[in-house]
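Going down the list, the sequences are from chains A and B.
The numbering used here applies: residue 1 is where the first sequence begins, and numbers increase by one.
The numbering used here applies: residue 1001 is where the second sequence begins, and numbers increase by one.
Hints may contain errors.
[Claimed, not checked] Using 27 angstroms as the maximum straight-line C-alpha spacing, the simulated DSSO-like pairs for lysine-lysine come out as follows:
#, chain 1, residue 1, chain 2, residue 2
1, B, Lys1085, A, Lys73
2, A, Lys73, B, Lys1193
3, A, Lys64, A, Lys151
4, B, Lys1073, A, Lys73
5, B, Lys1080, A, Lys64
6, B, Lys1004, A, Lys64
7, A, Lys64, A, Lys74
8, B, Lys1080, B, Lys1095
9, A, Lys140, A, Lys74
10, B, Lys1004, B, Lys1095
11, B, Lys1095, B, Lys1073
12, B, Lys1134, A, Lys74
13, B, Lys1080, A, Lys151
14, A, Lys140, B, Lys1134
15, B, Lys1193, B, Lys1004
16, B, Lys1095, B, Lys1085
17, B, Lys1004, A, Lys74
18, B, Lys1080, B, Lys1134
19, B, Lys1073, B, Lys1085
20, A, Lys74, B, Lys1080
21, A, Lys73, B, Lys1080
Keep in mind that the hints were calculated from the coordinates and are not lab data.
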Amino acid sequence: MSIGWTREQMAARAAQDIADGAYVNLGIGIPELIAQFVPEGREFVYHTENGLLGMGPPPSEDEKDLDLMNAGKKYVTAAAGASYFHHADSFSMIRGGHIDVCVLGTMQVAENGDIANWSTGAPGAIPAVGGAMDLVQGVKQIYVITQHETKHGEPKLVERCSMPLTGPGVVSRIYTDLAVVEVTPDGFRLVELAPGISFDEVEQKTGAPILPPAR
Amino acid sequence: MIDKQVSSIPEAIADISDGATVMIGGFGASGSPIELIHALIDQGTRDLTVINNNTGNGEVGLAALIGNGQVRKMICSFPKSSQSKVFPELYSAGKIELELVPQGTLAERIRAAGAGIPAFYTPTTVGTVLAEGKESREFDGRRYVMEPWLQADFALIKSEVADRHGNLLYNKTARNFSPIMAMAATTTIVQSKRLVAPGEINPEHVVTPGIFVDRIVEVAQPVHEDTLIGQGRAYP
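With the hints as extra help, turn the sequences into a complete structure.
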């Protein structure tokens, strides 16, 4: 019987792999939780696409400023040492390779690092891409946090994405409720199992071959 | 004497005519020049092409302009909103066009227009359906897609502080697209919360230099889109 990691534990595990002093961009959903689990002794500086470097936690009702939001359109605060800038500068930070780590949710991720997280490709759907394609092409390390399977029990880690790509060959690490997986030139490789999870279970729930841990 | 102030909002936007391309500052609710947009609704200008990151929220501001049938085409990165059904309904009914542009490419196309650069190459969209049909080239072993500049007839901008030269300061993340839109449009129209005398803004602090601004109208107590939505308001 699976135990695995909760959303919070997935975020905390991913936070362990982010270096002190890193400039970090967090996607909407589970990635946002990372800010609550910064390992002791480390400082991360959060970038949000709409023009803030040094994003702080959500405001109290008294602190709330209608002109201070994040890319998810939630109200935030500015930490000491923060800066504001316009959108072209913000995406220069992204596209220009100045952001160290971006952590995103996804619908699918493939063994070659392809990511599909912007559109299901369903006919009639209204396309909406936001900054996802800029982030995956520009940020130095792209990490993914996601449930290992969809709500319908289908694998999200696959051989080839069936949905339209956000970017090809960009993901380096994947944090799921079952395991930490890295993308290598030879495909998926297990880094670590969540408590109570076996390699066999991960292998069975992954839609592509997965190698055992290195060494 | 340089004085870009105009005395009323209707006067500020009077020459925006049918068929114009209009950039509108703002990201989500912050930085949206609500009073200028509502004046455009009052004026009834139609067949507009609007450039904004989104398609508005609730039934006020940009969403109301779209809902009023005044917009022929939206150029944006993220047309979906949990707070508005206006655009999705018109789009699904085939009554409005959409040009979807990734957010960073949208910003850079606007910046390029302001900087006099007709096109540039970006890695964004390489290997995706959004790159289909676009010219691409390799530089130093990596592929890039060519993107053209994005010009506009008008930009509608909200600022916190302005002087009669058009020097502008913004408030926090309300800045977003406004400085680059001010550069890219033929005519840039600003609603400012405060108007101060020249010299009161420290030149070291100016965010948008006045050369990029054509008209300023004081709107001392601007309403915020989120406040209107919270009150369940619709415009008109």
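These are the hints, each one checked on the structure:
Between Lys1085 of chain B and Lys73 of chain A the alpha-carbon distance is near 17 angstroms, which keeps this suggested pair within the 27 angstroms criterion. The straight-line distance between the Cα atoms of Lys73 of chain A and Lys1193 of chain B is roughly 22 angstroms, inside the 27 angstroms bound, and the hint therefore holds. For the hint pairing Lys64 of chain A with Lys151 of chain A, the CA-to-CA distance comes to about 35 angstroms; that exceeds 27 angstroms, so the pair is violated. Only pairs whose Cα atoms come within 27 angstroms are accepted, and Lys1073 of chain B paired with Lys73 of chain A is accepted, the gap being roughly 24 angstroms.
Using a Cα cut-off of 27 angstroms, the hinted pair Lys1080 of chain B and Lys64 of chain A holds, with the two alpha carbons roughly 25 angstroms apart. Simply put, Lys1004 of chain B and Lys64 of chain A have alpha-carbon atoms about 33 angstroms apart, too far for the 27 angstroms limit, and the pair is violated. Note on Lys64 of chain A and Lys74 of chain A: the hinted pairing holds, with a Cα-Cα distance of about 10 angstroms set against a maximum of 27 angstroms. Between Lys1080 of chain B and Lys1095 of chain B, the direct Cα distance comes to roughly 16 angstroms. Compliance with the 27 angstroms bound is thereby established for this hinted pair.
For the proposed pair Lys140 of chain A and Lys74 of chain A, the alpha carbon gap of about 26 angstroms is at most 27 angstroms, so the pair holds. For the hint pairing Lys1004 of chain B with Lys1095 of chain B, the CA-to-CA distance comes to about 37 angstroms; that exceeds 27 angstroms, so the pair is violated. At roughly 9 angstroms between alpha-carbon atoms, Lys1095 of chain B and Lys1073 of chain B fall within 27 angstroms of each other, so this suggested pair holds. Under the criterion of a C-alpha separation no larger than 27 angstroms, the hint pairing Lys1134 of chain B with Lys74 of chain A is inconsistent with the structure, at around 35 angstroms.
Distance hint between Lys1080 of chain B and Lys151 of chain A is fulfilled; the C-alpha atoms sit about 23 angstroms from each other, no more than 27 angstroms. Proposed proximity of Lys140 of chain A and Lys1134 of chain B is supported: the alpha carbons are some 25 angstroms apart, at most 27 angstroms. For the proposed pair Lys1193 of chain B and Lys1004 of chain B, the alpha carbon gap of about 15 angstroms is at most 27 angstroms, so the pair holds. For a cut-off of 27 angstroms, the pair hint linking Lys1095 of chain B to Lys1085 of chain B stands: about 14 angstroms separates their Cα positions.
Only pairs whose Cα atoms come within 27 angstroms are accepted, and Lys1004 of chain B paired with Lys74 of chain A is rejected, the gap being roughly 35 angstroms. For a cut-off of 27 angstroms, the pair hint linking Lys1080 of chain B to Lys1134 of chain B stands: about 25 angstroms separates their Cα positions. Between Lys1073 of chain B and Lys1085 of chain B, the direct Cα distance comes to roughly 16 angstroms. Compliance with the 27 angstroms bound is thereby established for this hinted pair. Proposed proximity of Lys74 of chain A and Lys1080 of chain B is supported: the alpha carbons are some 16 angstroms apart, at most 27 angstroms.
Distance hint between Lys73 of chain A and Lys1080 of chain B is fulfilled; the C-alpha atoms sit about 13 angstroms from each other, no more than 27 angstroms.
Violated hints, listed in ascending order, are 3, 6, 10, 12, 17; each of the other numbered hints is respected by the structure.
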